[in-house]
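Asks: First to last, the sequence lines map onto chains G and P. Using numbering that gives the first Met the number 0, the first residue of the first sequence is number 0, and each one after it goes up by one. Using numbering that gives the first Met the number 0, the first residue of the second sequence is number 0, and each one after it goes up by one.
If you're looking for bench data, these hints aren't it; they were derived computationally from the structure. Among the hints, erroneous ones may be present.
Each pair of labels, with its calculated beta carbon distance range [as the list claims (entries may be wrong)]: (1) G:Leu798 x P:Ser39: 47 to 55 angstroms; (2) P:Gly5 x G:Arg431: 32 to 40 angstroms; (3) G:Gly381 x P:Gln119: 52 to 60 angstroms; (4) G:Val353 x P:Gln119: 30 to 38 angstroms.
Computed from the model, here is a short list of chain G residues facing chain P with C-beta under 10 angstroms [stated by the list, open to error]: (5) Lys6; (6) Leu7; (7) Arg10; (8) Ala11; (9) Arg14; (10) Thr114; (11) Glu117; (12) Gly334; (13) Ala335; (14) Thr336; (15) Lys415; (16) Pro416; (17) Ile417.
Note that CB positions come from ideal geometry on N, CA and C, so glycine has one too.
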Amino acid sequence: MLTNYLKLAFRALWRRKFTTGINVIGLALGMTAFLFLMEFASFHAGFDSFHTNADRLFRIVGTTPQGSQDNVSPMMLAMRSQTHGIEAIPTFMTSASGIITYKPDNVSSASQTVTFKEEDVAYGNNDIFRAFSFQFLAGNADLDKPNTMVLTAAAAQKYFACGENYQSVIGKRLLVANQFTPTEYAVTGVMRNIPENSHLQGTMLFSLQTLANPANLGDNSWARLVPDNGSAFLTAYLLLRDGTQASSVATQMSEFGKKMDPSTNITWHLQPIRTIHTGNGFSDPLPNSAALKYIVIAVSIALFVLSLAWINYINLSTAFGLSRAREIGVRKTIGATRSHLVLPHLLECAMLSVAALLLAFTTVELLQSSFNSLLGATLHLGYVFQYGIGTWGMAAMLLGALLSGSYVALVLTGVKPIVVLRGNFIRSVNGRSVRKTLVVIQFAVSIAFIAGTLIVLRQLNFMSHRDLGMNLEQLLVIDGPQLVENKSPGGNPALVFKQEAERLPFVRQITGSQNIPGQGYNFSTQGIMRPSGHSDDAKKSYKILQADENYFSTYQMTFGEGKGFQKTDNLGGFKFRSVVLNEASVVQLGFKSSSEAVGQFIQWGNPSEKSQRWQICGVVKNYHHKSLHDAIEPIIFLPSAATGYFSLRVTVENVQANMAALEALYKKILPGNPFTARFADDIFQKQYENDVRVGNLFALFSVMAIVIACLGLFGLAAFAAESRRKEIGVRKVLGATDASIITLLSTEFLKLVAIAFLIACPVAFWLMSAWLQDFAYHVELRSGFGVLVFVSSGIIAALIAFITIAAQARKTAQANAIDSLRYE
Amino acid sequence: MIKLRGIQKFYRTDEVETTALNGVSFDIQNGEFVAIMGPSGCGKSTLLNILGMLDNPDNGEYHFYEHEVAGYSERQRAELRKKSIGFVFQSFNLIDELTVYENVELPLLYLGFDAAYRKQRVHEVLEQMQMMHRRNHFPQQLSGGQQQRVAVSRAIVGKPLVIFADEPTGNLDSKNGSEVINLLTELNKSGSTVVMVTHTPEFAEYASRTIHLFDGQVVTENFKSTAKAA
Numbered sequence: 000m001l002t003n004y005l006k007l008a009f010r011a012l013w014r015r016k017f018t019t020g021i022n023v024i025g026l027a028l029g030m031t032a033f034l035f036l037m038e039f040a041s042f043h044a045g046f047d048s049f050h051t052n053a054d055r056l057f058r059i060v061g062t063t064p065q066g067s068q069d070n071v072s073p074m075m076l077a078m079r080s081q082t083h084g085i086e087a088i089p090t091f092m093t094s095a096s097g098i099i100t101y102k103p104d105n106v107s108s109a110s111q112t113v114t115f116k117e118e119d120v121a122y123g124n125n126d127i128f129r130a131f132s133f134q135f136l137a138g139n140a141d142l143d144k145p146n147t148m149v150l151t152a153a154a155a156q157k158y159f160a161c162g163e164n165y166q167s168v169i170g171k172r173l174l175v176a177n178q179f180t181p182t183e184y185a186v187t188g189v190m191r192n193i194p195e196n197s198h199l200q201g202t203m204l205f206s207l208q209t210l211a212n213p214a215n216l217g218d219n220s221w222a223r224l225v226p227d228n229g230s231a232f233l234t235a236y237l238l239l240r241d242g243t244q245a246s247s248v249a250t251q252m253s254e255f256g257k258k259m260d261p262s263t264n265i266t267w268h269l270q271p272i273r274t275i276h277t278g279n280g281f282s283d284p285l286p287n288s289a290a291l292k293y294i295v296i297a298v299s300i301a302l303f304v305l306s307l308a309w310i311n312y313i314n315l316s317t318a319f320g321l322s323r324a325r326e327i328g329v330r331k332t333i334g335a336t337r338s339h340l341v342l343p344h345l346l347e348c349a350m351l352s353v354a355a356l357l358l359a360f361t362t363v364e365l366l367q368s369s370f371n372s373l374l375g376a377t378l379h380l381g382y383v384f385q386y387g388i389g390t391w392g393m394a395a396m397l398l399g400a401l402l403s404g405s406y407v408a409l410v411l412t413g414v415k416p417i418v419v420l421r422g423n424f425i426r427s428v429n430g431r432s433v434r435k436t437l438v439v440i441q442f443a444v445s446i447a448f449i450a451g452t453l454i455v456l457r458q459l460n461f462m463s464h465r466d467l468g469m470n471l472e473q474l475l476v477i478d479g480p481q482l483v484e485n486k487s488p489g490g491n492p493a494l495v496f497k498q499e500a501e502r503l504p505f506v507r508q509i510t511g512s513q514n515i516p517g518q519g520y521n522f523s524t525q526g527i528m529r530p531s532g533h534s535d536d537a538k539k540s541y542k543i544l545q546a547d548e549n550y551f552s553t554y555q556m557t558f559g560e561g562k563g564f565q566k567t568d569n570l571g572g573f574k575f576r577s578v579v580l581n582e583a584s585v586v587q588l589g590f591k592s593s594s595e596a597v598g599q600f601i602q603w604g605n606p607s608e609k610s611q612r613w614q615i616c617g618v619v620k621n622y623h624h625k626s627l628h629d630a631i632e633p634i635i636f637l638p639s640a641a642t643g644y645f646s647l648r649v650t651v652e653n654v655q656a657n658m659a660a661l662e663a664l665y666k667k668i669l670p671g672n673p674f675t676a677r678f679a680d681d682i683f684q685k686q687y688e689n690d691v692r693v694g695n696l697f698a699l700f701s702v703m704a705i706v707i708a709c710l711g712l713f714g715l716a717a718f719a720a721e722s723r724r725k726e727i728g729v730r731k732v733l734g735a736t737d738a739s740i741i742t743l744l745s746t747e748f749l750k751l752v753a754i755a756f757l758i759a760c761p762v763a764f765w766l767m768s769a770w771l772q773d774f775a776y777h778v779e780l781r782s783g784f785g786v787l788v789f790v791s792s793g794i795i796a797a798l799i800a801f802i803t804i805a806a807q808a809r810k811t812a813q814a815n816a817i818d819s820l821r822y823e
Numbered sequence: 000m001i002k003l004r005g006i007q008k009f010y011r012t013d014e015v016e017t018t019a020l021n022g023v024s025f026d027i028q029n030g031e032f033v034a035i036m037g038p039s040g041c042g043k044s045t046l047l048n049i050l051g052m053l054d055n056p057d058n059g060e061y062h063f064y065e066h067e068v069a070g071y072s073e074r075q076r077a078e079l080r081k082k083s084i085g086f087v088f089q090s091f092n093l094i095d096e097l098t099v100y101e102n103v104e105l106p107l108l109y110l111g112f113d114a115a116y117r118k119q120r121v122h123e124v125l126e127q128m129q130m131m132h133r134r135n136h137f138p139q140q141l142s143g144g145q146q147q148r149v150a151v152s153r154a155i156v157g158k159p160l161v162i163f164a165d166e167p168t169g170n171l172d173s174k175n176g177s178e179v180i181n182l183l184t185e186l187n188k189s190g191s192t193v194v195m196v197t198h199t200p201e202f203a204e205y206a207s208r209t210i211h212l213f214d215g216q217v218v219t220e221n222f223k224s225t226a227k228a229a
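Turn these sequences into a full structure, and let the hints steer you where they fit.
Replies: As structure tokens, this is what we get:
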């Protein structure tokens, strides 16, 4: 019986190639989008799940009334001896960027030396490898011994060009120069690159134990690894023994903390490792990447697009299914029961779904790399099947197939044989309103997507064209050196480089600063106020940026009042004669105007220390130091011979040759330091990488949604034309023109698009307003622009719909009227 | 045996009520060949639909053998219909996706017979109708007469008590039409009860009795001692 049904289902699909084709393509499109989005959702939902011990792994997080942080002190970690249930305490010290050098043995030539600046390196203990599931390709970890290290396959290849022969790397030594005393580390193990869906990332791990030797600490006494050191600079995790309650360990920790420091207001928590990326909910107070939001958005869009495809299937199948009513009527007449008829239809649906799924899998495979580059990710189908959410997604897809298939089967098999045999089934209004509703839903979604895309694109355009209050064009940024010989005969070589670079003919101006626009500040601080200020003023936060006297002119910022500081305004020892504010600081400090502020004093910290009083020498007009996501913050600029970054205003010509000249100069004066040069506008635009991706995604899914909707509309228009063939024949006999018939057939559907427009506008307005709230500076939807966006979205959808319908209607309108009448 | 008493059927639209059948009463005995005749719109097809249990009367009694069908639910009618009635339509109503063999097999499938019996019975009927050589063809590959022969095969394959034929010759030329009438006559001779709606007086001659309908009422019943020889 089943093979019989399968055969029948196949024949039925084959005979109706047109509808089958539209159905398969529509479903496949929806499924493709669904699979891509589920890859994304699964990837994020599955973060840190690859650790075998994931259920027993927790990050130590402390909370105070001011907030939470994941740093812990050696003093707190001494609780190990007094706390039950702890199996291991994997401990890291991160943000240890530095210059790493490999000098091959027996080679004296400097050209053989390999040097890179590394950002993703850390110090750690051997418990890391007891607790986390990082796999070794060669050797092993021995981080409890000083001067040992582990690196990833990528790092091994980068420094040692070892190919796949990782064993050859074992025992090799790297010199690490950073804030600590330059120290050599021997490689004891090479591990696989850390999976991308791990919140822990990095390429090198040095033994933390090395820093237990005070000689290796340099003057960083804060990093002493002794139980009486209360400074919190470590990130630590706990691997609990089976059956241990995390909450009880956390309570013991908090009690221990109180015992060590009765004045502490820190409460300790154990954060399950899997929730570090997603958060434990939308309002998880512990620090996390809040990826849950993106997962929910992705899953929602995925289900939405998939529903669009199923709606199509329902629409087309019920519409064209009416022409199958005769067959069903005949079957019923000769004895078929409902179940006899439902099963073959379900099988048809299953076959369509399988065909569409295969097509979708193929499409996903083909387009994966384009999708990944659009998203800046390395997703693959494996993620969908790897984690729970993907399984649920596949279940949802099956359920959708079953529901829509059942609906179609029930509608179609519901026909009464007597109605069919009387021959007027095609005029039955049954299901017409359902189909209209579904078309409205499809177009509402499409219009919302189009509007969303237009708004995202407009916002991106707005951001890249807004006057930032400075000029980033033809501005080159070179990273300052980290390896500097302080006792150079000619003075600080970094400053020598600055002087020499300024003499190059293509360099118009150069400035040194500790940080740069588009990236950040030196630090932020409270406690800055006017001498006459209220004590509450001390709680206001300011951003501090140290820069030399050329900073403002190089970046072409404008002074509202006063002027910039002089080199001599830095008195040494963090004492300054005068400072520059931006307008936001002026307002926050309570001055009425910039002109009132200039010449006044502000103080930082203890008011009795006169040296901590700074005179305001100028107020620079507000500029966007960070992206337009952030509001302009109060900044205080301190004069400094800063060498963190050099920003150079250069001429337009011969960029490559000039760059080479700069690099040569840099390497000559600052040997051992890698030369990194970027353009300031690229750095600034990099902040919008994610926003550009959102825009790309929106555009992609708008196209998909509208294509799916149009496929459905095309099918329905074909059906409408078919079922109104006689009417059209009669109208033509009576003198109707082709145009009037196209209008007749199109109007019905365009009305639906109009209703969809009315539904889509408020929904899209609400959603996109929420999205725009993420930007301190954004386009305004309650404006001419907003009206334009929504109206044009409606027009675009209506146009596409019209073209789709008109193509079909034209064919019908031009058909010979006599044929139409004879057909009936 | 079939017994109709005072059968009424109305069709209603929003404003108009049309009487399709107005107090139709007659009996059909086992083994009879009855023709129903009348002008267009006289209610012939409505009557056949009620007789064939595709539709319920609005008033009156319909006894089909031991069953009082008039009050049956659609499900009950369907159950009785599939066991005891075979249909032949003017437009054949074969299923395009199915081969000749599969079309004929369909009623047996719905009756739940096993594969071995189905195969044997379908072969038997196709042999009888001389359609065996066409068993793997699809309906659209056959001539009209052949299609109707398949339809007749399908009607009789389940050994129904009664065969209802709604203008079975209406879509056929005279030669093929005669062939189909001969088939029905033979079936009748071998014991089947046949009820046929027709426009063609010549074909009605083959029946043992003709019921004339006019405006939803039986006007005459012509009995014949002997039906026209095949």
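Asks: State for each hint whether it applies.
Replies: Results for each hint:
1. G:Leu798 x P:Ser39: 47 to 55 angstroms: holds (49 angstroms)
2. P:Gly5 x G:Arg431: 32 to 40 angstroms: holds (38 angstroms)
3. G:Gly381 x P:Gln119: 52 to 60 angstroms: holds (54 angstroms)
4. G:Val353 x P:Gln119: 30 to 38 angstroms: holds (35 angstroms)
5. Lys6: With a minimum Cβ separation of about 9 angstroms from chain P (threshold 10 angstroms), the hint on Lys6 (chain G) holds.
6. Leu7: holds (6 angstroms)
7. Arg10: Cβ of Arg10 (chain G) sits 4 angstroms from chain P, so the hint holds.
8. Ala11: holds (5 angstroms)
9. Arg14: holds (6 angstroms)
10. Thr114: violated (74 angstroms)
11. Glu117: violated (68 angstroms)
12. Gly334: Interface hint status for Gly334 (chain G): holds (3 angstroms vs cutoff 10 angstroms).
13. Ala335: holds (5 angstroms)
14. Thr336: With a closest approach of 7 angstroms, the Thr336 (chain G) hint holds.
15. Lys415: holds (8 angstroms)
16. Pro416: holds (5 angstroms)
17. Ile417: holds (5 angstroms)
In terms of the numbered hints stated before, the structure departs from hints 10, 11, listed from lowest to highest.
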